[in-house]
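So the chains spell out like this:
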Amino acid sequence: MKNTKKIILPLLLVIGAVLVAVFSNVISNKSTASSSHRTQIVFWHELGGPSEDALEKVVDGFNKSQDKYQVVPKYQGTYDEAIQKILQTHGSSTSPAVFQAFDISTAQMIHSGFTTPIQDFIDKDNNFDVNKISPVARSFYSNGGKQQGMPFNTSQPVLYYNATLLKKYGITPPPVSPSYSDITRVAKQLYEKSDHKVKGMTVQVYGWFMEQALANSGASLANNNDGHTGNPTEVNLNNPASVKFLEWIRENIKAGDFIDYGSGASAGANQTAGFLANKVGIFIQSSASIGQLTANNKNELGITYFPHPDGQKANGVAIGGAALWISNDKPKDVQQGAYEFIKYALKPEVQAQWQKDTGYLALNKDSQKQKVLKDLYKQTPAAKVPGRQLATAKPNYYNSGILMEGMQLTRQLEEIAMETVYNGGDINKALEKADKDINANLHTLNKANGY
Amino acid sequence: MLKSPTTDQTISKKQTVSKSKSTFKLNANDKYFSLLFLGPSLFILGLFVFYPMIKTFYISMFLTNTLGKTSVFAGFSNYAKLLQSPDFLNSLVVTLAYVVGVTFFTLAISLLLANLASKKLPGISIFRTLYSVTMGVSVSVAAIFWLFIFNPSTGFFAIIANALKMTPINWLTDPKNAMWAVIITTVWMNLGFTFLILLGAIESVPQTLYEAASVEGASPRFQFFKITLPMISPTLFFVSTITIIGAFKSFGLIDLITKGGPTNATNMLVYRIYKDAFYSGNYAQASTEAIILTVIIAAFTLLQFKFLEKKVNY
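Residue numbers (the working numbering), protein chains in the order written: chain A, 1 to 451; chain B, 1 to 314.
Treat the hints with care, as some may be off.
Listed next, the in silico DSS-like pairs over lysine-lysine satisfying Cα-Cα at most 25 angstroms (straight line) [stated by the list, open to error]:
id	chain 1	residue 1	chain 2	residue 2
1	A	Lys-332	A	Lys-365
2	B	Lys-55	A	Lys-447
3	A	Lys-85	B	Lys-176
4	A	Lys-433	A	Lys-132
5	B	Lys-275	A	Lys-254
6	B	Lys-81	A	Lys-74
7	A	Lys-447	B	Lys-176
8	B	Lys-69	A	Lys-85
9	A	Lys-447	B	Lys-69
10	A	Lys-433	B	Lys-275
11	A	Lys-197	B	Lys-165
12	B	Lys-81	A	Lys-433
13	A	Lys-188	A	Lys-298
14	B	Lys-55	A	Lys-254
15	A	Lys-433	B	Lys-176
16	B	Lys-81	A	Lys-429
17	A	Lys-332	A	Lys-124
18	B	Lys-165	A	Lys-436
19	A	Lys-436	A	Lys-146
20	A	Lys-85	B	Lys-165
21	A	Lys-64	A	Lys-447
22	B	Lys-81	A	Lys-436
23	A	Lys-132	A	Lys-57
24	A	Lys-244	A	Lys-447
25	A	Lys-193	B	Lys-165
Restraint ranges, calculated between C-beta atoms of paired labels, are given here [claimed, not checked]:
id	chain 1	residue 1	chain 2	residue 2	range
26	A	Thr-229	B	Val-137	26 to 36 angstroms
27	B	Thr-294	A	Lys-365	52 to 62 angstroms
28	A	Ala-295	B	Ala-161	40 to 50 angstroms
29	A	Lys-193	B	Asp-87	38 to 48 angstroms
30	B	Phe-127	A	Tyr-377	35 to 45 angstroms
31	A	Gln-88	B	Val-133	49 to 59 angstroms
32	B	Ile-296	A	Asn-223	33 to 43 angstroms
Far from chain B, some chain A residues (derived; all Cβ distances over 10 angstroms) [unchecked claim]:
id	residue
33	Gln-84
34	Gly-218
35	Pro-395
36	Gly-406
37	Thr-420
38	Thr-444
39	Ala-448
Think of the hints as simulated: they come from the structure by calculation, not from any bench.
Built from N, CA and C at the ideal position, the CB exists for glycine as well.
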């Protein structure tokens, strides 16, 4: 008995050592096998669910199209969290060669000095016509006349309505580019004529929509032309454009035809569920939702541009989504490989398939001639609307995004202002408070960064 | 086989060792000797607990730039700014309300259920299984489940309200109700574990005590308050400590259900720290908040051991 007890411990240790040796061998074998002779391009992205499958299709297509590079996609969680990972791992062996960073982190990425501007590669490349890529999308990610990141998954905020319900109650649908009062009319009629069974409209508590309301009204949030002519030092959310936007929502809240689904991803899911279940007739969301809204919808889907204030023309909205950036901490050949991948991702046929699979807009002008998209438009004519909204907008400072650091917190504070108003708070007071908090953060950040 | 030396022999050996200074030998009274045993754990604690704590304090003394690096020395101004900020003070109040609410309802309901389930009735084991079933539910599943229930247009509560011709309650969008929604969900999640522990404690109370009390003619209520409660007080103390600490640390549910909103109504300290650090990249402010949270939890634990433990029967 005593002897066996003495043997057990060394035996376990030996078994453990053997197991570790075997497993480490397996793991190292695996990694050497996949790398082969190709240059590894590590690609960090933040797309989950069906979009991730579509993205992997793009990556596979690139890997099969040539034999010099091997792109390895790695999912990194939400957009916000990924930014911190990218910044904190830069210069280490785990950092990515090419990464996806979302719209509002653009100023952070440019100021970090961690990336090689895409323009450097475009200038050396004779086979790439950058003018084929949507100018509004490009201007969002360029600075000082240079293309910094390359727009990739790009969406536009649009307004969705339930066309079948409108027909059922004999309501005239809103025009393609509606004003606030056009939407109010439809929402009120729907609520009244359905005997209060269907809520007229909702606007998710989402800072992005607030910013889009400013862009579409031709107003800026930050000084120095939203950061396009210098680093912003002051923010002014309490301006006529935001007031009009919130007054429009409050009017509908008071009329009873508005339903509040709150903020965040769960609110997005809830309002989509409500819309598909005929509980609410109108909502604003990214054009990337089209796929989901057409696949599970028994009703006809109506789509219009983002609404604009009464008595003025729409200035056009900024894009949302994310861009691809190339890290400058990797060797030249890896960076070149990253560029080749980006170039591949923007090809007309790749972008056309991408729009069909995800609902993100095809950025290459030639994509519209592809059969995939023509078939899509035949099936769902409304799917043309977001692309047209993108094509008709002329890029100016107001609809090219806000080039300011600290946008993540800014968005949270905008959302608090929206929530205050949705719950009956005073519009001017809510905006004043947001201004105060955003500016305090901006001043601290500028001081910390030495701007 | 080694023979253990007698005590006399050890003493004599000790004396010879201390006399002969030329040879270095470890002595049980030697401070280096203790270091040999404490060293490894001190090293690991230092690396993973003390170093991060000191570093957090260090960062809280600075402003951090976009890259998350310390840049401008700020002294205690980060603390001053936070303690004057209405949003941060609101977070403190909200956290306390949440901790108190969750602990109270978790203990009260699970004590009631455990007491009911301890009765010897036919089919009681079915109820025991049902009451403890939430123990196997993960945070994400619970959050999604309750999000469906709270959904303002297709949710369970909304359907009931519509059927009764009442206006549905805005569970997650009204700041007044959001806290209740989060408390309800957390209590529901906590119930299974707390119920099981309390049931075990109630079952282990000697039956003879109740028999004696019954002979004396004591009512069931009297028996509960004078026998059951005092006998399970160590378990109650344990469970309350676990629940309070768990409530302070609550993160997953908040992240999945309200994300701290609406209007910061459920923005607990831990969630706020996470958001400031990993959403906004403001590491200085997040570090400052972390230090403040450490002080609060330490104070709480101290109070609990000082006052509550005295009331516990061991």
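The hints, checked one at a time:
1. In summary, the hint linking Lys-332(A) to Lys-365(A) is not supported, as the alpha carbons are separated by about 30 angstroms, beyond the 25 angstroms threshold.
2. Among the hinted pairs, Lys-55(B) with Lys-447(A) is consistent with the structure: their alpha-carbon atoms are about 22 angstroms apart, no more than 25 angstroms.
3. Simply put, Lys-85(A) and Lys-176(B) have alpha-carbon atoms about 35 angstroms apart, too far for the 25 angstroms limit, and the pair is violated.
4. With a C-alpha separation of about 43 angstroms, the suggested pairing of Lys-433(A) with Lys-132(A) is violated against the 25 angstroms cut-off.
5. At roughly 33 angstroms between alpha-carbon atoms, Lys-275(B) and Lys-254(A) are farther apart than 25 angstroms, so this suggested pair is violated.
6. Taking the CA atoms of Lys-81(B) and Lys-74(A), the gap is about 39 angstroms. The hint is violated against a cut of 25 angstroms.
7. Between Lys-447(A) and Lys-176(B) the CA atoms are separated by roughly 37 angstroms; this puts the pair beyond 25 angstroms, and the hint is violated.
8. In summary, the hint linking Lys-69(B) to Lys-85(A) is supported, as the alpha carbons are separated by about 14 angstroms, within the 25 angstroms threshold.
9. Between the alpha carbons of Lys-447(A) and Lys-69(B) the distance comes to roughly 13 angstroms, so the proposed pair stays at or under 25 angstroms and holds.
10. The straight-line distance between the Cα atoms of Lys-433(A) and Lys-275(B) is roughly 20 angstroms, inside the 25 angstroms bound, and the hint therefore holds.
11. Proposed proximity of Lys-197(A) and Lys-165(B) is supported: the alpha carbons are some 11 angstroms apart, at most 25 angstroms.
12. With a CA separation close to 16 angstroms, the supplied pair Lys-81(B) and Lys-433(A) stays within the 25 angstroms bound.
13. Taken as a hint, the Lys-188(A) and Lys-298(A) pair is honoured in the structure, with Cα atoms around 23 angstroms apart against an allowance of 25 angstroms.
14. A threshold of 25 angstroms between alpha carbons decides the hint, and for Lys-55(B) with Lys-254(A) the separation of about 51 angstroms lies outside it, so the pair is violated.
15. Taking the CA atoms of Lys-433(A) and Lys-176(B), the gap is near 20 angstroms; set against the 25 angstroms cutoff, the hint holds.
16. This hinted pair checks out: Lys-81(B) and Lys-429(A) have alpha carbons roughly 22 angstroms apart, not beyond 25 angstroms.
17. For the given pair, Lys-332(A) sits about 14 angstroms from Lys-124(A) by alpha-carbon distance, which is consistent with the 25 angstroms threshold.
18. Distance check on the hinted pair: Lys-165(B) and Lys-436(A) sit about 42 angstroms apart at the alpha-carbon level, beyond 25 angstroms; violated.
19. Distance hint between Lys-436(A) and Lys-146(A) is unfulfilled; the C-alpha atoms sit about 33 angstroms from each other, more than 25 angstroms.
20. A C-alpha spacing of about 50 angstroms is found between Lys-85(A) and Lys-165(B), which places the hinted pair above 25 angstroms, so the restraint is violated.
21. Distance check on the hinted pair: Lys-64(A) and Lys-447(A) sit about 48 angstroms apart at the alpha-carbon level, beyond 25 angstroms; violated.
22. Annotation: proposed proximity of Lys-81(B) to Lys-436(A) holds, straight-line Cα distance about 14 angstroms (limit 25 angstroms).
23. Pair hint Lys-132(A) plus Lys-57(A) holds up; C-alpha atoms about 23 angstroms apart against a cutoff of 25 angstroms.
24. For the suggested pair Lys-244(A) and Lys-447(A), the alpha carbons sit about 33 angstroms apart, so the restraint of at most 25 angstroms is broken.
25. Among the hinted pairs, Lys-193(A) with Lys-165(B) is consistent with the structure: their alpha-carbon atoms are about 18 angstroms apart, no more than 25 angstroms.
26. For Thr-229(A) and Val-137(B), the hinted distance range of 26 to 36 angstroms is not satisfied, since their beta carbons lie about 54 angstroms from each other.
27. About 56 angstroms separates the C-beta atoms of Thr-294(B) and Lys-365(A), a value consistent with the hinted range of 52 to 62 angstroms.
28. For Ala-295(A) and Ala-161(B), the hinted distance range of 40 to 50 angstroms is not satisfied, since their beta carbons lie about 30 angstroms from each other.
29. Between Lys-193(A) and Asp-87(B), the C-beta spacing of about 43 angstroms keeps the proposed range 38 to 48 angstroms intact.
30. Checked against the hint of 35 to 45 angstroms, the C-beta distance between Phe-127(B) and Tyr-377(A) comes to roughly 59 angstroms, which is inconsistent with it.
31. In this structure the hint that Gln-88(A) and Val-133(B) lie 49 to 59 angstroms apart at CB is violated, the actual value being about 41 angstroms.
32. Remark: the range hint 33 to 43 angstroms for Ile-296(B) to Asn-223(A) is upheld by a beta-carbon distance near 39 angstroms.
33. Against chain B, the non-interface label of Gln-84(A) is violated: not every CB pair exceeds 10 angstroms, the least being about 5 angstroms.
34. Distance check for Gly-218(A) against chain B: the nearest CB is about 29 angstroms away, which clears 10 angstroms, and the non-interface claim stands.
35. No Cβ of chain B comes within 10 angstroms of the Cβ of Pro-395(A); the nearest lies about 26 angstroms off, and the non-interface call holds.
36. The claim that Gly-406(A) lies off the interface is violated: its Cβ sits roughly 7 angstroms from the closest Cβ of chain B, which falls inside the 10 angstroms cut-off.
37. The beta carbon of Thr-420(A) sits about 6 angstroms from the closest Cβ of chain B, which is not more than 10 angstroms, so the claim that it is off the interface is violated.
38. With a cut of 10 angstroms on Cβ distances, Thr-444(A) falls inside the contact zone with chain B, its closest approach being about 6 angstroms.
39. For Ala-448(A), the shortest C-beta to C-beta distance to chain B comes to about 4 angstroms, within the 10 angstroms cut-off, and the non-interface label is violated.
Violated hints, listed in ascending order, are 1, 3, 4, 5, 6, 7, 14, 18, 19, 20, 21, 24, 26, 28, 30, 31, 33, 36, 37, 38 and 39; each of the other numbered hints is respected by the structure.
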